[in-house]
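A.B. asks: Protein chains in written order, with my numbering: chain A, -14 to 261; chain B, 2 to 448.
To be clear, the hints were calculated from the coordinates, so they are not data collected in a lab.
Being a predicted model, the structure only gives us computed values, none of them experimental.
Be aware that one or more of the hints could be misleading.
[To be verified] Here chain B is said to cover these stretches of chain A; the calculated rule only asks that three of the stretch's residues, wherever they fall, bring their Cβ under 8 Å from a Cβ of chain B:
| id | stretch |
| --- | --- |
| 1 | 63 to 77 |
| 2 | 106 to 113 |
| 3 | 117 to 124 |
[Claimed, not checked] Straight-line Cα separation of at most 20 Å, SDA-like style, residue types lysine to any residue; simulated pairs:
| id | chain 1 | residue 1 | chain 2 | residue 2 |
| --- | --- | --- | --- | --- |
| 4 | B | Lys64 | B | Ser436 |
| 5 | A | Lys48 | B | Arg328 |
| 6 | A | Lys119 | B | Gln249 |
| 7 | A | Lys119 | B | Arg309 |
| 8 | A | Lys48 | A | Glu62 |
| 9 | B | Lys253 | A | Leu106 |
| 10 | B | Lys64 | A | Arg136 |
| 11 | A | Lys119 | A | Gln86 |
| 12 | A | Lys119 | B | Thr310 |
| 13 | A | Lys119 | B | Glu248 |
| 14 | B | Lys253 | A | Glu123 |
| 15 | A | Lys119 | B | Phe246 |
| 16 | B | Lys210 | B | Leu160 |
| 17 | A | Lys119 | B | Ser436 |
| 18 | B | Lys253 | B | Val266 |
| 19 | A | Lys48 | B | Ile323 |
| 20 | B | Lys64 | B | Gly330 |
| 21 | A | Lys119 | B | Val266 |
| 22 | A | Lys119 | B | Arg308 |
| 23 | A | Lys119 | B | Arg260 |
| 24 | B | Lys253 | A | Thr107 |
| 25 | B | Lys253 | A | Asp113 |
| 26 | A | Lys48 | B | Gly330 |
| 27 | A | Lys119 | B | Arg252 |
| 28 | A | Lys119 | B | Ala254 |
| 29 | B | Lys62 | B | Arg308 |
| 30 | A | Lys119 | B | Pro261 |
| 31 | A | Lys119 | B | Leu160 |
Beta carbons are placed, not taken as given, at the ideal position from N, Cα and C, and that holds for glycine.
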Amino acid sequence: MTDPVSGSYAPALADGEPVLALRGVSKRFGAVQALTDVELEVHTGEVLALVGDNGAGKSTLVKSIAGVHTIDDGQIEWEGRPVSIHRPQDSQHLGIATVYQDLALADNLDVVANLFLGRELTTHGTLDEVAMEKRAQELLDTLSIRIPSVRIPVASLSGGQRQVVAIARSLIGDPKVVILDEPTAALGVEQTAQVLDLVERLRARDLGVILISHNMVDVAAVADTVAVLRLGRNNGTFPMRGTTQETIIAAITGATDNAVTRRAARATGPRPEGEA
Amino acid sequence: MSTPPTNPSGSPDPSDPLSGFNPLEPPPGLDPMPSAAIAPPVDPRLLVRQEGLRGYVDEFKRKVRGGELGSLPVVIGLIIIWLIFSLQNSQYFSAANAEFIVYYMVGLGMLATGLVFVLLLGEIDLSVGSVSGLAAAIYAVLSVEHNWNAWLAVIVTLLAGAAIGGTQGWIFAKIGVPAFVVTLAGFLAWQGVMLWLLGSTGTINLEPKALNALFSGNSYFLGGDIAGAYILAGIAVVGFGASGFLEQRRRKAAGVPARPTGELVARTVVLAIGAFLVAWILNRASGVPNNAVIFLALLVICDFVLRRTTYGRKVFAVGGNIEASRRAGISVPMVRISVYAISGTFAALGGLAIAATTNAAGQAGADPNNLMMAIAAAVIGGTSLFGGRGRVWSALLGILVIESINAGLFMLGLTLDIQYMITGGVLLAAVVVDSLSRRTQKSSGRA
């Protein structure tokens, strides 16, 4: 394992080639067709926002990449080679780290123990607490994460602090792609800003980031590319620059005329006669 | 002296700067994030221990308020128990009685040690009492009726305990039957197997051989020589002090916060006073019983395993958050099965120790009271019933409380009914303290 703090992320890829690509991926649960022919490309140093309404298949897609579900059809390519992902470990070994919405942290353990959980550093068969604490402090410092102490139980951290610890934890394994499932869902304004800052720092370290979010403001703030899922299918991939939020919302809802655009029009445009 | 900034303790005084290191200040060479431009209000949880004695006093007060009571309630309880019984009977506070307590605590203490592992997972093992009785019966049948080599019989007995525990753990972990039900079934079934093994006579007398000889009531460390107890106390103090100072040196070399030297010296001195006092008292009787030496050695080993190995870390992680452990790549079923195997092994060992006190394996070996006492000991000692928090030393502290009560009631000639009522009350008190401290911890954000 290279050092997650100062380790090099020299891309072994030709320019423009995605680090992770999904080609025609389908997934069925009994009678429910959750994903149909989904295409997705993630590049290093790119924040890809994956958006879609409830039930669009975002979670299924993410779980397929993370190895929780196996895909029925199609292909997952890693650095240009087709790979098969059957278990969470397969995904982790490739270099995909997933941070779930419900914060997979053990409350009773301190920050250091949580960061290294399942990947503890050892000397002579015993835990090397000193090395782990040092590395943890360095990692948190490089990410500008501020927590009271690395030796307090995670239970005493705030929601935002817990989320950044969970994200930092995914970096211990030196991944190339990080999947963030609704990282700001339960956070306050300032905590959301902290997490978005962290997402930008991940991009600066040349990681590919898949960001799942319902919050269009968050997406607009950090995403480079927006991939829209609708009813288990691709419904457009847009570069964030030069795309209006209305276009994305239209793709999410499947219509240019929908509740969101009507509301926006009411707010900005001339009021209809009847309401004046 | 550089104050340890990672110590989550001390005064919440925000004006007290962290000497040497400030986590609120971005590290050099990094762009401070925009939100850091406005200095955020100092987090009240950012706790820094003040220097000197005052800091320790403040830390102690804050911990008590936050519900981090640790061993405090049990130590206070122990002193109250000793005071009450000493007032009732002047013989209570004597070397002979201390020896009695130390000797008779070992069997149940071993049961409690195994239970600490199970409780750390947030589960329960109701079969330890029956397994301990069964183990004594297995050992008796093999060594006495079949004339096996005594040590071989001991090893087979311990393996049987591990297999029984592992099987129960497997049913719990792999099939998904609640541990409470699996071990309740074990509680009944293993008692039945024990009765069947013991046969019509119901009791098999043991010969003082092998482990049984070491566990018996007239076996003392170094033959009860006065030096024996002091050697043990010396080993404990030197080992504790050396490991503390070695760790301090390693942490300082690595540039991470370390305990100040004064604190290390104070801790070592306190341990030294305690250890040599106990050694002196036991020497006034017959010395340190060998079964207690074995018990303490096992506690040291278990403490090491739980706090210093990846396995121990896994046990705590599974006890804290099963889903997080699974996603971290920990095999939750393996941890569960192994923990129940450890519990079964300790139950077997405890069964041998209990049998050695009477030199016989009998039907009373699976006394349900043993189970309750062992669970009570683990919980009274401070291991949480809710999982994820506890230490093996709680088995020692808890069993000291239980045996102190038992010895006192025995001395006062009180009958079993009163004894049960009082032990039940103590257990209830321990569980209430556990639940209250957990609630306080939650409300102060530290659960």
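A.B. asks: So, for every hint listed, does it hold in this structure?
C.D. replies: Here is what the structure says about each hint:
1. 63 to 77: holds (count 3)
2. 106 to 113: With 4 residues closer than 8 Å to chain B, the stretch 106 to 113 of chain A meets the three-residue bar; holds.
3. 117 to 124: Three-residue rule met by the stretch 117 to 124 of chain A, so holds; n is 3.
4. Lys64(B) with Ser436(B): Roughly 16 Å separates the two Cα atoms, so the pair holds.
5. Lys48(A) with Arg328(B): holds, 12 Å
6. Lys119(A) with Gln249(B): Roughly 14 Å between the alpha carbons, so the hint for Lys119(A) and Gln249(B) holds.
7. Lys119(A) with Arg309(B): Holds, at about 17 Å.
8. Lys48(A) with Glu62(A): holds, 16 Å
9. Lys253(B) with Leu106(A): Distance ~19 Å between Lys253(B) and Leu106(A) Cα, so the pair holds.
10. Lys64(B) with Arg136(A): Distance of about 15 Å is within 20 Å: holds.
11. Lys119(A) with Gln86(A): violated, 28 Å
12. Lys119(A) with Thr310(B): holds, 18 Å
13. Lys119(A) with Glu248(B): holds, 14 Å
14. Lys253(B) with Glu123(A): holds, 16 Å
15. Lys119(A) with Phe246(B): Satisfied, since the Cα-Cα distance of roughly 19 Å is no more than 20 Å.
16. Lys210(B) with Leu160(B): This hinted pair holds, its Cα atoms lying about 19 Å apart.
17. Lys119(A) with Ser436(B): violated, 35 Å
18. Lys253(B) with Val266(B): holds, 17 Å
19. Lys48(A) with Ile323(B): holds, 19 Å
20. Lys64(B) with Gly330(B): Not satisfied, since the Cα-Cα distance of roughly 33 Å exceeds 20 Å.
21. Lys119(A) with Val266(B): violated, 25 Å
22. Lys119(A) with Arg308(B): holds, 18 Å
23. Lys119(A) with Arg260(B): holds, 16 Å
24. Lys253(B) with Thr107(A): holds, 19 Å
25. Lys253(B) with Asp113(A): holds, 14 Å
26. Lys48(A) with Gly330(B): holds, 16 Å
27. Lys119(A) with Arg252(B): Judged against 20 Å, a Cα distance of about 9 Å means the pair holds.
28. Lys119(A) with Ala254(B): holds, 11 Å
29. Lys62(B) with Arg308(B): Distance ~26 Å between Lys62(B) and Arg308(B) Cα, so the pair is violated.
30. Lys119(A) with Pro261(B): holds, 18 Å
31. Lys119(A) with Leu160(B): The given pair, whose Cα atoms are some 41 Å apart, is violated under the 20 Å limit.
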